[in-house]
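Put together the whole structure using the sequences plus the hints.
Protein chains in written order, with my numbering: chain X, 1 to 140; chain G, 1 to 140; chain E, 1 to 140.
No wet-lab data here; the hints were simulated from the structure.
Any given hint could turn out to be false.
Among the chain X residues that face chain E by a calculated CB cut under 10 Å, a handful are [as the list claims (entries may be wrong)]:
hint : residue
1    : 47
2    : 71
3    : 72
4    : 80
5    : 81
6    : 93
7    : 102
8    : 116
9    : 118
Straight line, CA to CA, 25 Å or less: simulated BS3-like cross-link-like pairs of lysine-lysine [said to hold, decoys possible]:
hint : chain 1 : residue 1 : chain 2 : residue 2
10   : E       : 61        : X       : 2
11   : G       : 26        : G       : 2
12   : G       : 132       : X       : 26
13   : G       : 55        : G       : 6
14   : G       : 2         : E       : 6
15   : E       : 132       : X       : 132
16   : G       : 2         : X       : 6
17   : E       : 26        : G       : 55
18   : X       : 2         : G       : 6
19   : E       : 2         : X       : 6
20   : G       : 6         : X       : 26
21   : G       : 26        : E       : 61
22   : X       : 6         : E       : 26
23   : G       : 26        : E       : 6
24   : E       : 2         : G       : 6
25   : E       : 61        : E       : 13
26   : G       : 132       : G       : 26
27   : E       : 6         : X       : 132
28   : X       : 55        : X       : 6
29   : G       : 2         : E       : 2
30   : E       : 55        : X       : 2
31   : G       : 55        : G       : 26
32   : X       : 26        : G       : 55
33   : E       : 132       : X       : 2
34   : X       : 13        : X       : 132
35   : G       : 13        : G       : 132
36   : E       : 132       : G       : 26
37   : X       : 2         : G       : 2
38   : G       : 132       : X       : 55
Glycine included, every Cβ here is placed at the ideal spot set by N, Cα and C.
Here is what each chain is made of, one letter per residue.
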Amino acid sequence: MKSYLKTISIDTKKPMEFIDITDAVKSAFGESEIREGLLNVYSNHTTASVTIAEKCEKLQKDMEEFLENAVPSGTYLHDEDTIDGRPNGRMHLMALYMNASETVPVSSGEMMLGQWQSIFFAELDGPREGRKVFVKVIGS
Amino acid sequence: MKSYLKTISIDTKKPMEFIDITDAVKSAFGESEIREGLLNVYSNHTTASVTIAEKCEKLQKDMEEFLENAVPSGTYLHDEDTIDGRPNGRMHLMALYMNASETVPVSSGEMMLGQWQSIFFAELDGPREGRKVFVKVIGS
Amino acid sequence: MKSYLKTISIDTKKPMEFIDITDAVKSAFGESEIREGLLNVYSNHTTASVTIAEKCEKLQKDMEEFLENAVPSGTYLHDEDTIDGRPNGRMHLMALYMNASETVPVSSGEMMLGQWQSIFFAELDGPREGRKVFVKVIGS
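Here it is in structure tokens:
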């Protein structure tokens, strides 16, 4: 069995931001030289997720507005735990809509992404420097 | 390491539809002849997801009604991007509740599904012909 | 390829309860003696999920309150299917916010959990005895 790990480092610029990382993931996949297996894209954070969606500026704005409406602004208990002056209970709850990771099948040397599928790093509590995403590919 | 890929093709009949694909996934798993590993069920689409839930007609209706209420009907920015006359911003947002894939452990020649767990293809923007789900099994 | 399966059994005490299982998962991981691969944490149930979040008593209370508000109390069609006197349509809908499993990369003999990431078993329809979580590690 072969395996390959690549760490993608991301500086986010806005409080909420869907960042397309498909090219970086594909590049890591190419370096892995794995042709059959599974590829896991993993966010190392609790207020930033990985999600697969269509890439389209207007849709990413819809997604941001949807999450802002779905998790009302206001005061959350966790806001009292803030250590850096940024109460972020609300951002942790937005993360419930997505996952820490997505796993994509690899076959015949291709990541099996659909025509409209891009892989996003979803920053929910930015801006932050040095966010980390791991791309782990295992297989043969 | 062994690996196996099976493509399941699905024609959906309704705008929203939870389709039980457990039997097709189990069939692919049997063909894989893998006894220890991981099985990934992956939707190749951005307005159709894979989710694990209890199979029960009334529950699937509850799930449809819940998603319809959770993502209000109305106009979304992405609706302006429509290329086939079907504005579907709302359906993309429903997909935030689920994932592109689910990964199930395989042990002693069995998929470790629980007694009440079935695997569903969740069509959110149907009806559509030729939806694709990949079943990728890797292991030994 | 090596693989390892560990079953974690959990008795839950409350109707809704986020139980930190990170230590049990890490223990299973250590027993696997796998240094490169993927680790899948899988809930064997349809009203209990696996999710990764920051561990913090106040945040877990926020998460419980959020789910209770997001899925209104009331009557659901699935409530008519109850077999043990506990109508639980609402709890199945809460499960839409999370997944049956999370998959974590393993590299250089470490689970790649972030500094603030803990793994939770999310009981949505407790209390229940003998809930099962599978930890499956595959790799080399």
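Those earlier numbered hints the structure runs against, lowest number first: Those not satisfied are hints 8, 9, 10, 15, 17, 21, 27, 30, 32, 33.
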